[in-house]
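J.: Top line first, the protein sequences correspond to chains A and B. Counting in my numbering, the first sequence runs from 1 upward without gaps. Counting in my numbering, the second sequence runs from 534 upward without gaps.
No lab work stands behind these hints, which were simulated from the structure alone. Built from N, CA and C at the ideal position, the CB exists for glycine as well. Be careful, since some hints might not be right.
Coverage of chain B stretches by chain A, computed from C-beta distances (three or more under 8 Å per stretch; other residues unrestricted) [stated by the list, open to error]:
#1 864-874
#2 962-973
Sample of chain A residues at the chain B side, in silico, Cβ under 7 Å [unchecked claim]:
#3 Tyr312
#4 Asp314
#5 Gly316
#6 Asn327
#7 Ser329
#8 Val335
#9 Arg336
#10 Ser342
#11 Val343
#12 Asp436
#13 Trp438
#14 Thr490
2 protein chains.
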Amino acid sequence: MARMTRRGALTTGGAVAAAGFGGSALAQAAAPASIERWGVAELAFQAEATGNPFDVALSATFSQGGTTVTVPGFHDGGSTWRIRFSPPETGLWTWRTESDLAGLGGREGRFEVVAPSAGNHGPVGVVAEYHFAHADGTPFRQIGTTSYGWPHQPEARRRQTLEALRKTAFNKIRMLVFPNTSVATNEALHPYERTGPGDRDHDLTRFNPAFFQRLDACVTALGAQGVQADVILFHPYDGKHGFDEMTPDQDARYLRYVVARLSAYRNVWWSMANEFDILKSKTDEDWDRLFQVVRDADPHSRLRSIHNWRRYYDNGKPWVTHSSIQNGSAVLDDVRAETYRSVWKKAVVFDEVCYEGNLDERWGDLTGQEMVRAFWHGLVGGTYVGHSECFPKPGGTAGGFWLGEGGELRGESWPRLAFLKEVMEAGPKPGVDPIDKWWEQRLGGVAGQYYLRYFGDEAPAEWKVDLPRDELAGGERFRIEVLDTWNMTTTPVEGEFVMQKRADTKYFFNDPARPTITLPGRKWMAVRVTRAG
Amino acid sequence: MARMTRRGALTTGGAVAAAGFGGSALAQAAAPASIERWGVAELAFQAEATGNPFDVALSATFSQGGTTVTVPGFHDGGSTWRIRFSPPETGLWTWRTESDLAGLGGREGRFEVVAPSAGNHGPVGVVAEYHFAHADGTPFRQIGTTSYGWPHQPEARRRQTLEALRKTAFNKIRMLVFPNTSVATNEALHPYERTGPGDRDHDLTRFNPAFFQRLDACVTALGAQGVQADVILFHPYDGKHGFDEMTPDQDARYLRYVVARLSAYRNVWWSMANEFDILKSKTDEDWDRLFQVVRDADPHSRLRSIHNWRRYYDNGKPWVTHSSIQNGSAVLDDVRAETYRSVWKKAVVFDEVCYEGNLDERWGDLTGQEMVRAFWHGLVGGTYVGHSECFPKPGGTAGGFWLGEGGELRGESWPRLAFLKEVMEAGPKPGVDPIDKWWEQRLGGVAGQYYLRYFGDEAPAEWKVDLPRDELAGGERFRIEVLDTWNMTTTPVEGEFVMQKRADTKYFFNDPARPTITLPGRKWMAVRVTRAG
Chain A
1 MARMTRRGAL
11 TTGGAVAAAG
21 FGGSALAQAA
31 APASIERWGV
41 AELAFQAEAT
51 GNPFDVALSA
61 TFSQGGTTVT
71 VPGFHDGGST
81 WRIRFSPPET
91 GLWTWRTESD
101 LAGLGGREGR
111 FEVVAPSAGN
121 HGPVGVVAEY
131 HFAHADGTPF
141 RQIGTTSYGW
151 PHQPEARRRQ
161 TLEALRKTAF
171 NKIRMLVFPN
181 TSVATNEALH
191 PYERTGPGDR
201 DHDLTRFNPA
211 FFQRLDACVT
221 ALGAQGVQAD
231 VILFHPYDGK
241 HGFDEMTPDQ
251 DARYLRYVVA
261 RLSAYRNVWW
271 SMANEFDILK
281 SKTDEDWDRL
291 FQVVRDADPH
301 SRLRSIHNWR
311 RYYDNGKPWV
321 THSSIQNGSA
331 VLDDVRAETY
341 RSVWKKAVVF
351 DEVCYEGNLD
361 ERWGDLTGQE
371 MVRAFWHGLV
381 GGTYVGHSEC
391 FPKPGGTAGG
401 FWLGEGGELR
411 GESWPRLAFL
421 KEVMEAGPKP
431 GVDPIDKWWE
441 QRLGGVAGQY
451 YLRYFGDEAP
461 AEWKVDLPRD
471 ELAGGERFRI
481 EVLDTWNMTT
491 TPVEGEFVMQ
501 KRADTKYFFN
511 DPARPTITLP
521 GRKWMAVRVT
531 RAG
Chain B
534 MARMTRRGAL
544 TTGGAVAAAG
554 FGGSALAQAA
564 APASIERWGV
574 AELAFQAEAT
584 GNPFDVALSA
594 TFSQGGTTVT
604 VPGFHDGGST
614 WRIRFSPPET
624 GLWTWRTESD
634 LAGLGGREGR
644 FEVVAPSAGN
654 HGPVGVVAEY
664 HFAHADGTPF
674 RQIGTTSYGW
684 PHQPEARRRQ
694 TLEALRKTAF
704 NKIRMLVFPN
714 TSVATNEALH
724 PYERTGPGDR
734 DHDLTRFNPA
744 FFQRLDACVT
754 ALGAQGVQAD
764 VILFHPYDGK
774 HGFDEMTPDQ
784 DARYLRYVVA
794 RLSAYRNVWW
804 SMANEFDILK
814 SKTDEDWDRL
824 FQVVRDADPH
834 SRLRSIHNWR
844 RYYDNGKPWV
854 THSSIQNGSA
864 VLDDVRAETY
874 RSVWKKAVVF
884 DEVCYEGNLD
894 ERWGDLTGQE
904 MVRAFWHGLV
914 GGTYVGHSEC
924 FPKPGGTAGG
934 FWLGEGGELR
944 GESWPRLAFL
954 KEVMEAGPKP
964 GVDPIDKWWE
974 QRLGGVAGQY
984 YLRYFGDEAP
994 AEWKVDLPRD
1004 ELAGGERFRI
1014 EVLDTWNMTT
1024 TPVEGEFVMQ
1034 KRADTKYFFN
1044 DPARPTITLP
1054 GRKWMAVRVT
1064 RAG
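Generate the whole structure from the sequences, applying the supplied hints.
T.: Have a look at this one:
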């Protein structure tokens, strides 16, 4: 029988409700509960299987008007099966189950989907080829971070991580499903049913629901805070349990289980792998196939990417929704960053560009300024960037820092990334595009309307206010502000700039009365030029 | 009947013979002529067609041992048909024709293929993923130039162009099949049979053999000089004749004709289009199809690329052998250049990076130094670059310079590109790869053996001799030379450098006794580090 249920979350019920997160109450048949658009309608059923309950086929068809969505269910331990669906439209939805287990099939009911509550903007998708927006059109200004192992930490540490996130501008976090075995503080939960004490003593046909319930809780807690969960499905940091070298059938079974559990949460993104090219057991053809398993299993069509180490997967392939790149050198200038847009014609997230930290590893020794610089170059290049931190606690364990375990943020970049996000939010929708790209303008924005120039570790004493001719006819008025991206100040330049075609070149416009502005000769400055009329 | 024939060329017979270029004498049946491996075996037949002779189907099957190659023939005007084949192996080859025209089918014969003469290294292909080499393994160090319209100029100007090329290091030239109609000095030859005086008064089912014989002669003359002909099949610079907006059938008929005529010449490369994205009449799907037409029609599998304006074609597609890129900003640093290798995993040629010249156009105003800089950045990034020049003659016509018409070279870069090529020839085979890429080393070469660092418009007074740890164990000895890439000098640094792991970082090796070298504080310098033992 279907029964009312509510998914647990780490945060308070109020916050969950405000964001429309977690499963909402679904009564059976006659008295449909009301669900928010883009919320989660969760059906729960009790039944007894002979054989392996994870082998039971279960799905439900959800219908409204001409729309029909078939959603896979999953076994959640004991006698419980669930089906989670995120309705894309308001109105009356009906549902009916199918199953090969007597008692699970042929169940039916209906529920009303109502307008989303404040703060529920729907799932994030790619818009305008290179940017992200929620389903209601609200731009999603990606300020990502990574904490691979935070879901595997004890609850106190998980709460600490969520608390830390709440102070920041981070709206996406990359996290592993399978634990990184080198993190000593992991909570002792195994993804599969154990058959003995050994690392590989498990039954890969039977999941451990407690492990995945914890993952559900992490995802819903993030969602309640407005943070996207970039769920990393495979990674090369195991070496003990063999989750990185399962058979194609085991891989597919695992993917379908995770997708059935999580895809209804509107803050889920799929990352097929971290550093996929270290996983020697899988070829590019394997990844092609696994991408398609996820795509085909996911009725909610969440975003899909794959993250590299030294070799890129072909992000031009149709099942890749956006590229997720590791390459610190790519964001040392905005033109380098832009290249990835032009070649793959997709939204670009530089998810790993080295981390702020004090490690003896070159991938973990960025200064705060360098971390912030990467984000600004990415922005001007029309792309997005990801942060993390490696400041080990004195006497802490390997990975005992944000990147590995979550916990507290100790770096200097994260407040500056909040300032950056404010600049993004005040900027063009859905995002910044390079202007007159390939001609070394180093400008992002919207030609004729909005221009951003970032100077990084240069410390110029002035800037020539030359705007490329695109979308300018002469007579346009602009205001200019000087941004100190490190000290987080915005200083308007007095008066307006009235553009005219320059006499000595056909390529630029300026205000002949004010061809330059003065800059303070410090590093980490930017200039914002905004149309005034 | 098959008769002996020899393709004309602009250069002397001696030079043609030395390179094994042009068609060689093929007697019929009993007395086979001898052909060089990778030369051209040309069969010529006389017959009379009723109907359109360009509609006649003709091919020959060439066999040797287990190898069989079917080669398309073509009508060459009057009563003449030809079939051109470049044998990939030595030994006795037999042939037999098929045709739907009585008298053309069922002809047969044989010929002996002998070892290539000196200077004949075979056609160029992609090797080691990112480089080019001739079929005999000789590296092909691409130093390209472009003269779009040189094949359409009167003979005296064509001879001048070939003479100019002979003084340079250029070993590839990009050229249009269809004329650029804005070039006033074009020779009056039309690619199709005229039906009246109007620009579009032509029969697109009937080619003008005289036009294509001139093209043959241009290709063979280049071949005799060791220059690859990058044959551009479509372009957007017409606007009068409609060659840029033919039907799919007309496009395919044209491509098959050009391929049948030219593919046997071992110096032919196919460029599907120049600035393909300006050709609004064709979609990416059209280009997909046309690439496949060329691939399927070409029994010699010559290199295939497509050249962009502002938007890249997906060079990851399987029928693209290497990328041919227009983007001057991509070669302003070697890391930008390298990106194109990593994303498409193919050899990269930056065929257009703006041109040396004195135009008021930003695409034609590079200094000689800037032109040379692009090549050096390309080299260190593991890629290849192309040159051209725009110095209009006083009182000359539009396009009256090397880029448009050929003729004389007036710039300063070309001698420096010969110096560059000497550096390439003395360097690793098949080419230079970035070392410890994505970590801002700015080094190209082969780790442990050979390192190139190029400083562009920096003018450093010294260089820290830090070699990334890859392939170093300590104790390796190196020699260092300082290259002045503009003044074309090579200055050895005295003595050797004995590498040790640096005490303060695990990432670099140096010689603690000589951690830096002195540089002259001038622009356009490079450093070459070569293993001595």
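J.: Of the numbered hints stated previously, which ones are contradicted by the structure, given in increasing order?
T.: Failing hints, ascending: 12, 14.
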